[in-house]
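**Q** Protein sequences, first through last, are from chains A and B.
Residue 168, in our numbering, is where the first sequence stops; the numbers in between run on with no holes.
Residue 183, in our numbering, is where the second sequence stops; the numbers in between run on with no holes.
Check the hints yourself; a few may be wrong.
As the list claims (entries may be wrong) - Rough simulated footprint, nothing fancy, chain A against chain B, three-plus residues with beta-carbon under 8 Å:
#	region
1	59-69
2	94-103
To be verified - Here are the computed distance ranges between Cβ atoms for each label pair:
#	chain 1	residue 1	chain 2	residue 2	range
3	A	Pro89	B	Arg76	40 to 48 Å
4	A	Pro11	B	Asp152	17 to 25 Å
5	A	Thr65	B	Asp31	51 to 59 Å
Source of the hints: derived by calculation from the structure; they are not laboratory data.
The model shown is predicted, which means the values in this text are computed figures rather than measured ones.
Here a beta-carbon is modelled for each residue, glycine too, at the ideal position from N, C-alpha and C.
Each chain, written out:
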Amino acid sequence: MPKRLLDRCQPDSIREFRAAARQRFDDGLALSVAGQRTGAIYLWGYTAEMTLRAAYLSFIGLGETTPITQKEHLRPAVNQGRLLGVAWPPQGEFHNVRAWAELLVTQRASTPDAAYSPSFGGDVQRYGQRIGELWREFLRYHRNYAYAFEVRQVREAAEWFLVNSHAL
Amino acid sequence: MPRKQRTFEESPRPETNALVTRLVEELQQKDKESGQPLIYEELFPTGKIRVVVIWDEWDRLSLEDRTAAILQAYERAEGRTYRDKIALASGLTVPEAHAAGMLPFEVLPAWRTGDPVTLEQCRQAMVEEGASKLFGPDIVQLRFATREEAEDARGRLVSSLPGSDQVWTIAQDVGSVEEWSNR
């Protein structure tokens, strides 16, 4: 008998986040083509979130397949962000795309010879801000219908993170 | 098949010039002690800088436009080289900064009937000191990142309102039990 869907989940890891980010992006595209705008945005937000989390955890040295846990990795990342001065409100903290983007920029800026160029770092922050203002994980509980320009903005930002994931 | 390249379109920006000009003036005014905006600069050992500008005037702007305005103001006030050292520029209103836990100290009037100053005088002095009016109707909050900043503000409030020494108090947000356990 085949394993059920949930039983087929690999542990959370950088590799899993990156692969899932691409899948969710494609899922979002399919939804947007079908006119399901809010659903598309909902999935693209996770694309950005997983890409940024993977980039940060990779930058601080976590292995590609090391299991990621909230206690050992995500909580310390949020605390590190706050320590570096990133505005990181407690509500929905692990899903705050803008804050993950700013953590990545700031962590690199505070590490010798690792800072992004002003232009690239500005883009990371900008696209993080853009998704941060249009997406929250609680969108799933609401029936709002997204505007076309909101769909375009989130898609462009999520796509930018995917395209540049190797350089993050 | 035609080959087409495109770049991401920039969304149209609202008029931010007035705020940039005001921020340039603030940056050049080195001896200003009080009032908004609160400008925090953190210099990393790498030479990079993180800038946070807390200002209720940001209320009408998107986060992107705030960042762009801050970088533009720094370039005009300090030059391109300095601007390129800024790794992260964030603009927040006072309520936004408070929600993120960045302004835990509050100076507030513990006013009682019979005090030598009126509550309205206190309110006015707080606004001049940089209090935010964005927390809600008829609510003003004067908030700071450190106790030292709050103590300094309290001193200035006492100077501007003689006899108000006993009125002002400083409170500190302590956060929830869950927040403490996560630290």
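**Q** Decide, hint by hint, whether the structure agrees.
**A** Hint by hint, here is what the structure shows:
Chain A is given as covering the region 59-69 of chain B, and this holds because 4 residues of the stretch bring a CB closer than 8 Å to a CB of that chain, at least three being needed. Given a C-beta distance limit of less than 8 Å, the hint that chain A covers the region 94-103 of chain B holds, as 6 residues qualify and 3 suffice. About 31 Å separates the C-beta atoms of proline 89 of chain A and arginine 76 of chain B, a value inconsistent with the hinted range of 40 to 48 Å. Distance hint check: the CB atoms of proline 11 of chain A and aspartate 152 of chain B are about 51 Å apart, inconsistent with the given range 17 to 25 Å.
Take threonine 65 of chain A and aspartate 31 of chain B: their Cβ atoms lie about 56 Å apart, and the range 51 to 59 Å holds.
Of the numbered hints given earlier, the model fails hints 3 and 4; all others are met.
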